[in-house]
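J.: Listed here are the chains, written in short residue letters.
Protein chains: 2
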Amino acid sequence: MLEEKAAFIKKAESLKPKLYIKRVRPLLGIPTDKLKAGDSTVFDFGNHFVGRIKLKLSSAGSHQDAPAFIKIKFCENKRELDEDAADYHGWISKGWIQEEWLHIDVLPAVVNVDRRFSFRYVKLEVIDVSSKFSLVVDDIEAETYTSANDECVNKYSGSREEEDLDRVSIRTLRNCMQEVFEDGPKRDRRLWIGDLRLQALANYATFKNNDLVKRCLYLFAGTTDDNGRITACVFTEPNVEGDDTYMFDYSLFFIPTLLDYYNETKDLETVSDLFDTAKRQVELAKECFGPDDIINDSDVMGWCFLDWNLRLNKQAGAQAVYIYCEKALVKLAKYLGKSELAAELCNDVENKVKAAKEKLYDKDLGLFVSGREKQVSYATQAWAVLAGIFDDEVNHEILNRLHEYKNAEKMVTPYMYHHYIEALIKSGNKKLAYDKMCSYWGAMIEKGADTYYELFNPENPYESPYGSSVVNSYCHAWSCTPAYFIRSCGLNKENLYNQLI
Amino acid sequence: MLEEKAAFIKKAESLKPKLYIKRVRPLLGIPTDKLKAGDSTVFDFGNHFVGRIKLKLSSAGSHQDAPAFIKIKFCENKRELDEDAADYHGWISKGWIQEEWLHIDVLPAVVNVDRRFSFRYVKLEVIDVSSKFSLVVDDIEAETYTSANDECVNKYSGSREEEDLDRVSIRTLRNCMQEVFEDGPKRDRRLWIGDLRLQALANYATFKNNDLVKRCLYLFAGTTDDNGRITACVFTEPNVEGDDTYMFDYSLFFIPTLLDYYNETKDLETVSDLFDTAKRQVELAKECFGPDDIINDSDVMGWCFLDWNLRLNKQAGAQAVYIYCEKALVKLAKYLGKSELAAELCNDVENKVKAAKEKLYDKDLGLFVSGREKQVSYATQAWAVLAGIFDDEVNHEILNRLHEYKNAEKMVTPYMYHHYIEALIKSGNKKLAYDKMCSYWGAMIEKGADTYYELFNPENPYESPYGSSVVNSYCHAWSCTPAYFIRSCGLNKENLYNQLI
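Chains A and B, in that order, give the protein sequences.
Just so we're aligned: 368 in the numbering used here is position 310 of the first sequence, and the numbers increase by one with no gaps anywhere.
Just so we're aligned: 539 in the numbering used here is position 481 of the second sequence, and the numbers increase by one with no gaps anywhere.
Hints may contain errors.
It does not matter which identical chain is used: a pair holds within one copy or between any two.
Mimicking EDC-like on lysine to aspartate or glutamate, the simulated pairs with C-alpha atoms at most 20 Å apart in a straight line are [claimed, not checked]:
#	residue 1	residue 2
1	K114	E295
2	K92	E504
3	K190	D302
4	K190	D283
5	K129	D142
These are computed hints drawn from the structure, not numbers from a lab.
Here the structure is a predicted model, which is why all the values come from computation and not from measurement.
Bound-form chain A, shown alone (with noise of 0.2 Å):
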C-alpha cells in the first residue's frame, strides 16, 4: 500500500501545473506623496489578485539617516484596510493575517516582498522614517500567479446580474487555482476535499483543467492513512503530506468527486487507479452506523462538517451524504462492470434510505430531523434530497415546507448555500434555486465583491466562526458555482423561460 501511495504520489507531482504569471501595477497609478511617520497610502490593483508585489522606494529630503520602518497589509477587499489587527484574539493564528513588517536600510532601493498574498488592495503604512527625510513609492507591481488558462473560459451572455454573478464566480476559481485547487489564497492556501469537488464543477464549466482536479484525486489517494482514509486536506509544502484531520463526510467525498471527473473525461484509467480508495472510503464510514442502519448521533461519530453553523445537528446530515456517496461509488463500480459489488453496495444503499425514511422523517412535519432533538435544519433537508431518499415530488414538497418553516436552523457558508441550491434544482425548483443564487451570492456582489467568500450570512454580513472577521477569507473556492449553476445547470433566466413556455 506505501508502494501504491507513493505512485499516486509521483502522478500527482507529474501533473503540476505551470502557473500563468501576470504584472499587474494599480488601477489609479502611483501617488507621488511624501510620506512621514503615520502617514499611508493604498494602492487598488483594480480586481482581486494573488501574487508577490515589487515595491520601488526612495527617500525625499535629506540623505536617509535611519532606517524607514514601515507595514504593509494586503486586503482582499475594502472592509479589511479599516480592521486593526491587533483586535484580533481569535482562535486560528494570526500567522494568517496579511502584514508584513519591513525595515529598509539603504533608499532608493527595490524591495521584494518575497511572500504570497492574496488582495485587491495593498496599504502601505510608514511607521517611522525620521525628521530628516520622507518616504517616497516610485512604483509599486504585482506578480500574479494562478494555474487557471484565462483563454479557456467561453464568454457567457445572459442578464446584466448572470454576468456579474458568473464573472466573479470565475475570478474566484481562477484565484484559487494555484498548484493545487486551494480552498483560500489567503487562507489556508491549501487542498481541501469539500472545496476540491466544488472547484471542480466550477471548472469542467469553466477552464477545463482536468488534469489539475485529477493531480488532486492522486494527491488524495497518495496521502492517506494507515487505514486507508481520506483526510480532509492535503499539504503540498515542503513534501506531500496528509493533515492528520479527518471528517465523515470529507473522506466519503473522494468518491463524486471522482466520479463527476468521469462523467466530465471519461477517463476509466484513472477510475481504475482510484476505486479502491473510494470504495475504502464507504467500509470506513460503514463503521459508524448502528444495527438499525441509522447513523450515530453526531456527538459520538467524530467530526462531519457540512457547515460552519456551530448550532448544526450532523446525524441526519451524515446519514444522507453516506447514501449520497455509496450511490456514486455504485456507478464507478458499474462502470469498472463490478456488478456483483455494485449490487452489494445498492442493498447496502437501500437498507440507510429505508432507515432514513423510518428513523429520521417526521411525517408530521414532512421534513427530516436530525439528533436527540430533532433539529430541523437545511443541511438536513439538502443533503436528504441530494441523496434521492424520497422521489423528486416529495423532495419538491421537503423543500417548499423548508422554506416555509421559520424555526430551521440555517446556513452560513457559500459551501452548504451550494448544496441547498443543488437539492432545488435535482427536485426541479429551478425558479426557487435561480432566484436563491441571486439573492444570496449577489448580496455579495452588491457589497462590492470581486471573489466571493468563505463565509457569508446576509443577516450578519461579518459573521466569523474564527472569533473576529480579520482573518476571514473572501475569496473561497467553496463559493465558486455560480458559474457552475449558470452555465451547467442551466440556472439562467434563458432557459428558465424556456421551460415555462
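Use these hints to put chain B onto chain A, whose structure you have.
T.: Same frame as chain A, now just chain B:
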C-alpha cells in the same frame, strides 16, 4: 574643487577594508523547547557582536497548518531584553529599534535575517503558531563582521581592573570598525568625525588599521559642502554623501584628526592632499568671532556639540576648541614648510587666547565661564585646558578647583569624559585621571557591559537624550578610549607607581 573631491572619494574607496567574518553560536547551545504562541527564548552569544543571523527552524506536532509568526529582537545588553519598544515615543526613528517581524510559511526552513544587527542576546518570540504545531529552533548562527584584525593587538598585562577596562575598550572599537569607523553598530551605523577622532587614537594603540583612518579622512574631505565645510557625518550607502548637518566643533576636528594621523604614520602625502581642507575649517570657524576675538554666544553661532548635556552653554568651549584646532593646524603647516602661514595662524591663536583669558576666565572663581549666565561646566574647563589657554600649572589648579566646585554642569557622555581625562593628563594630574577613568568606565563594566555605551551618567544610568533608552546605543565608538589612556598615555598603575618613586 568638484574634481578634487571626486578624487578624494576615489582614494577613500580604494582603501575600503576587507571585513573579517567569524561564525558564532550561542554560548550554551540551543534549547530544544517546543514553542507555542507567547513563548520566547533568549540566545546568549557570550559577547558583543555585529552581524547577521541565520535560523534553522522546524515544527513539532501535526503538519504546520499556518504561517509561523515570530518576532526577533537583538539586544546589546540584558536590560534591553525586558524593554518594550511599544513604549518608545522618543524623537529619533523607531526604525533603529532592533526588531524584526517574520512569517515563515513553510517549515522546516532556513531563515536568513538579512539585516545587520548589533547584539549579544537574540530573543525569539513566537507571536503565533497554531494549536496543531509548535515551533522548534534547531540552530542559530551569527555571521559576524569587523574590519579590525584581532591579531594585531598586543596583549596588555596590568591589574585585573585595567585589563577589563582595556578588553571592553577594544571590543567597543573592534565592533565599530566596519567599512568605516562607525559611531555605533546599532545606531547610527555611520562615520561621525567626533567619534572618528577618538577611535583613531584607540586604533593607534591597538589594531593599527591606519588605512581605515586615512580612508575616513578622505571621505570627509571628499564630501565638504560648497563652502568647503566638513560635514559632521558621512553616509556611504547607497553612495558616498555628506550629511547636511554641520557642527562648529566637528568641522574643526578634521584638523587634529589629520595631525594625530600624521604623528602616527608620518604620511606627509596625505597631509599635503588634505591641508587646504583642514585650513578651510579654521577660515570658516573664524567667521563666528566678534571683533573682540570672542566667539559669539552659542545661541547665535549654530550648533557646537561638545556633549549631550542639553543645559550646557557652548560659548567658552567653542572658543577653546577653536584654539585647540588652530594650534593643530599650525603644526601641520610647519610640517609642510608653510612657515609664513604658520606665523599668521600663531598670531590668531594668541589673539584668541588673550581674549579668552580676559573675557571668559573668572579670576575670582579661578574657572572659565560661558555665556551670559557665566555657566561653569566640566566641558568648558576641559577644553580650556586642552587648548592650553593657560600653562600646565594653572591648568592643574583649574581642574582641582573644578573638582571641588559643586555647581559645575556635569558630563553625560563618555565622549566628554574622554576630554576631561585627557585634560587631567595634560595638566599633569594622571592620578586623578586614572581614578576617574576607573570609576566611570569601570561602572559600566560593573553593570555587565561587554562594550562601552553611547551615554552613561553614573547618577542616572538609564538617561537618554532621545526620550527613551530603547534607542540608546551600547557599543559606541566615542567611549572606546580607555585602551588609549592605558596603553598610550600611561594611565596604569605600573606607570603611575614609577612616576611617584
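J.: Does each hint fit the structure? Answer for all of them.
T.: Right, here's what the structure says about each hint:
For the homomeric pair K114 and E295, the shortest alpha-carbon distance between copies (17 Å) is at most 20 Å, but the shortest distance inside one copy (30 Å) is not. Taking identical chains as interchangeable, the C-alpha atoms of K92 and E504 are never at most 20 Å apart, the minima being 35 Å within one chain and 46 Å between chains. For the identical chains of this complex, K190 and D302 are inter-copy neighbours only, at 10 Å across copies versus 54 Å inside a copy, given an alpha-carbon limit of 20 Å. Taking CA atoms no more than 20 Å apart as the test, K190 paired with D283 passes between copies only; the shortest distance there is 18 Å, against 60 Å inside one copy.
When the C-alpha separation of K129 and D142 is checked against a cutoff of 20 Å, the pair qualifies both within a copy, at 13 Å, and between copies, at 19 Å.
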